[in-house]
Amino acid sequence: PGNPSRDVLETSLRSLEDAKYAVTFASGLGALTTLMSCYSTGDHIVMGDDMYGGNFRLLNKVGKNFGIEMTAVDASNVDNVKRAMNPNTKLIFIETPTNPLMKVFDIKAIAEVAKNNHALLAVDNTFLTPYFQRPLELGADLSSYSLTKYMNGHSDVIMG
1 PGNPSRDVLE TSLRSLEDAK YAVTFASGLG ALTTLMSCYS TGDHIVMGDD MYGGNFRLLN
61 KVGKNFGIEM TAVDASNVDN VKRAMNPNTK LIFIETPTNP LMKVFDIKAI AEVAKNNHAL
121 LAVDNTFLTP YFQRPLELGA DLSSYSLTKY MNGHSDVIMG
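The numbering of the sequence shown is the working numbering, which starts it at 1 and goes up by one.
Please note: incorrect hints may appear among the correct ones.
Pairwise CB distance ranges, derived in the manner of DEER restraints [said to hold, decoys possible]:
1. P4 with N117: 37 to 45 Å
2. K20 with K64: 31 to 39 Å
3. S40 with D141: 12 to 20 Å
In case anyone wonders, no lab produced these hints; they're calculated from the structure. Computed from a predicted model, the values in this text were never measured in an experiment. We put the CB at the ideal spot given by N, CA and C, even for glycine.
Throw the hints in and build the complete structure from the sequences for me.
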């Protein structure tokens with residue numbers, strides 16, 4: 001048995017994304033740390049070069065500590081993502097629109113690159129929420145949110 005409040009929240013998030021599963025964490029960085037723990041030495045992650053600073057630092061520091069190769073690219077040009085891929089690429093992680101520069105990436109095109117290279121695509125959709133953008137419908141494998149921001153509407157909680 002889980003926590004009834006968390007169960008209701010996860011059911012609501014699944015519904016908003018039309019997703020099969022939803023998992024909540026104490027924070028967005030906690031969610032990203034959990035995702036990073038799925039990868040190991042020798043794996044490669046391609047990430048957008050502009051994103052929330054906490055995410056960028058976590059990916060770089062924790063990734064490197066795990067022996068994961070990290071490549072940051074301007075994903076507003078999908079060719080940059082294609083060029084960054086290698087046989088060990090397991091994940092593409094983007095935030096769109098980005099924080100702070102508000103760059104917008106073509107989720108559908110990047111999802112195609114991921115699938116063609118047997119990698120997953122994770123999209124931080126904090127800024128647009130599923131009301132305006134639904135990454136899973138556009139081909140992403142994972143969609144994440146810092147629930148502190150627009151999903152909560154008040155910035156009075158920390159959740160991810």
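These are the hints, each one checked on the structure:
1. P4 with N117: 37 to 45 Å: holds, 41 Å
2. K20 with K64: 31 to 39 Å: holds, 32 Å
3. S40 with D141: 12 to 20 Å: For S40 and D141 the Cβ distance comes to about 18 Å; the hint holds.
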